[in-house]
Amino acid sequence: MNLSTLKNKNLQEVNSLLDIKDRDILAERFVSLGLPSKKSEEYRYFDVEKLLEKEYKTLTYVPKTLRVSEKIEIVDGVVVAGPQGMRIYNEPCGQLDMDHFDPLYYLGHLLSPHAIKIELDGDVEVEIEHKYTQSDALINYRIVLYTQSNRHATVYENFVSENIKDSLVLYGYDMHIAQDSSLRVVKMQSMQNSGYSMVASHKINVERNAHAVYKSFDLGGDNALQLIKVELAERAEVDAGHLLYLNSEAKRGTVTQIVHRGEHSRSKQEAKNILDGDSRGIFDALIRVEETGKFTKAHQNSKAILLHDKAYMAAKPQLEIYIDELEASHGATTGQLSEKQLFYLQSRGITRIEARKMLVIAFANTLIETVKDSRHQERIKQAFDDVFYAGHEG
Amino acid sequence: MSIMKIENLEAKIGDKQILKGLNLELEPGKVHAIMGPNGAGKSTLSKALVGHYDIELLGGNIIYKGKNINDMEAEERALEGLFLSFQHPVEIPGVNNAYFLRTALNAKRKHEGKEELNSAEFLRLMRDHLEMLGMKSDMISRSLNEGFSGGEKKRNEILQMLILEPDVIILDEIDSGLDIDALRAVSEGINKMKDGKRSFLVITHYSRILDYIEPDYIHVLKDGKVIKTAGPELVAQLEEHGYDGIEEA
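Order-wise, the sequence lines are chains E and S. No gaps in the numbering here: position 116 of the first sequence is 116 in our numbering, and each next residue is one more. Start counting at 1 in the second sequence, then tack on 394, and there's your number in our numbering.
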């Protein structure tokens with residue numbers, strides 16, 4: 001399949017190309033937004049056309065009977081294992097966002113009529129492992145997460161791949177965080193030469209008094225973009241953090257839209273970007289406070305450190321505000337490691353490479369330390385070490 | 395035989411030449427005090443000795459333990475036993491003080507062919523030093539120098555010195571910004587390091603620190619050169635007549 005054949009097509013043509021049944025409304029949204037290109041604002045810094053123009057093999061969707069496992073395992077977009085007693089289904093996704101900014105959110109749903117539905121009952125902590133085994137493939141799937149009211153769930157997300165090359169992963173979540181509940185998601189992607197590019201398109205719906213925490217630790221190679229839309233109801237909160245550590249020619253980043261719908265809603269978003277080699281980091285984030293979002297508190301910040309003169313950071317924090325009664329701030333800075341600090345460490349016998357690593361980790365630490373679980377914190381630090389030394393070989 | 399010999403050293407920072415043919419010898423086990431007016435080149439000398447990136451050497455030699463170290467990297471100099479206590483220690487948010495100290499100590503131990511210390515062994519080593527310096531134990535779990543008062547930063551410099559056990563210790567304005575109690579604690583730490591082999595280069599504007607750390611030699615630095623070297627009795631002369639009253643020897 002070549003996704004670029006969907007370019008500039010009308011509803012009828014898209015319907016016939018994708019063999020869509022009863023989902024005209026999704027196709028309409030997709031057609032109205034159009035297939036992303038370098039002219040699309042949200043894909044401006046990401047070479048999406050190159051990914052969409054490639055010919056991929058399509059994988060036949062065959063649902064599996066779930067094996068019992070400590071973690072939820074998803075192989076090439078099909079859930080194959082999960083913890084005993086956890087409610088995991090394959091079924092059509094309801095409650096879609098009909099105002100998402102990302103056309104690939106709709107394309108993802110159109111290509112994946114059956115979503116993986118996970119009901120996070122009670123106070124649970126679960127790991128989701130995404131595994132990719134197919135080369136030259138279009139791997140598309142959607143996941144729906146539900147929390148229960150008054151419950152607190154945590155999801156740790158990891159990615160592995162097996163000697164693959166040139167695949168494209170289109171996946172994403174629709175997260176429904178029920179009233180008075182919380183969901184903490186820690187996404188960790190650390191593969192170098194992973195063999196696939198990824199576009200992850202999410203929707204996070206945070207109901208009244210609910211709390212979402214979304215922390216992504218992206219230390220991957222290749223190309224990846226996560227596009228997230230968050231909607232906050234009255235007194236709902238989101239705490240988002242994005243750590244990006246790239247080297248060689250990786251192009252990766254985050255595009256977000258946080259919409260404050262309800263009064264007294266709060267958002268905090270912090271991005272830390274460490275860019276080495278010829279890499280490009282992307283942080284394109286909009287906070288929109290609607291007329292109904294009085295007394296909102298919204299804070300957004302992006303900091304980048306460039307470790308190489310060819311590295312590039314595209315940071316675009318934005319506020320769109322329709323009321324006066326709120327507290328909001330945003331900002332972006334880009335700099336380099338401090339020579340003063342490096343010298344101080346070196347003057348105590350620490351090599352320049354180690355000193356650089358210490359400073360890079362120090363920069364990242366404020367985000368790493370937000371991961372409460374020490375095992376996962378260590379895993380992130382270890383991945384950091386691996387990526388750092390891989391970039392300093394020779 | 396000197397542990398360090400500085401021969402006709404010339405150095406600049408940016409376009410400005412600061413050291414203009416400086417000669418100095420440090421004897422093992424001795425305390426050398428460098429005194430001089432503002433702009434004489436005292437801090438430039440300390441930076442030149444530890445290989446600071448600001449400094450460009452124009453001529454001369456720094457011979458340390460019989461080896462020319464002009465082109466040696468800062469970390470190699472440190473591993474070989476050179477230590478500078480900074481006048482203004484830099485704050486490094488996010489780098490844990492204990493982790494930093496253990497990394498530095500283990501780098502030195504590895505360089506010396508010794509086994510590295512694990513966390514427990516390291517903490518035991520730290521405990522005594524902390525008490526002696528009047529440092530709160532939480533200071534080692536905080537970020538390196540972040541939010542430390544002037545006195546705490548200087549105590550932290552001395553803590554590093556005690557842990558790393560260098561052979562030549564350069565103290566750049568160690569007394570600046572210290573109250574009497576801090577000055578006493580810092581001086582006690584320095585005096586504890588005197589072992590008859592280790593050399594000290596105490597760079598100072600004022601004689602106050604020399605009441606606590608007794609010098610063997612006083613060197614007066616002016617306009618990028620050592621213009622006079624004498625015993626501790628020179629301090630009184632400087633107190634009375636100032637630097638203008640000192641003639642080049």
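Hints are computed from structural coordinates only; laboratory data are not their basis. Mixed in with the good hints there might be a few duds.
[Said to hold, decoys possible] Here are the simulated EDC-like pairs of lysine to aspartate or glutamate, each with C-alpha atoms no more than 16 Å apart in a straight line:
| hint | chain 1 | residue 1 | chain 2 | residue 2 |
| --- | --- | --- | --- | --- |
| 1 | S | K616 | S | E467 |
| 2 | E | K340 | S | E421 |
| 3 | S | K588 | S | D617 |
| 4 | S | K459 | S | E401 |
| 5 | E | K340 | S | E419 |
| 6 | S | K591 | S | E419 |
| 7 | E | K54 | E | E41 |
| 8 | E | K340 | S | E559 |
| 9 | S | K410 | S | D617 |
| 10 | E | K340 | S | E540 |
| 11 | S | K410 | S | E467 |
| 12 | E | K131 | E | D97 |
| 13 | S | K461 | S | E540 |
| 14 | S | K504 | E | D386 |
| 15 | E | K357 | E | E320 |
A quick look at each hint next to the structure:
no.	hint	in the structure
1	S:K616 with S:E467	violated, 28 Å
2	E:K340 with S:E421	violated, 30 Å
3	S:K588 with S:D617	violated, 31 Å
4	S:K459 with S:E401	holds, 14 Å
5	E:K340 with S:E419	violated, 28 Å
6	S:K591 with S:E419	holds, 15 Å
7	E:K54 with E:E41	violated, 22 Å
8	E:K340 with S:E559	violated, 23 Å
9	S:K410 with S:D617	holds, 12 Å
10	E:K340 with S:E540	holds, 14 Å
11	S:K410 with S:E467	violated, 23 Å
12	E:K131 with E:D97	violated, 27 Å
13	S:K461 with S:E540	violated, 36 Å
14	S:K504 with E:D386	violated, 22 Å
15	E:K357 with E:E320	violated, 37 Å
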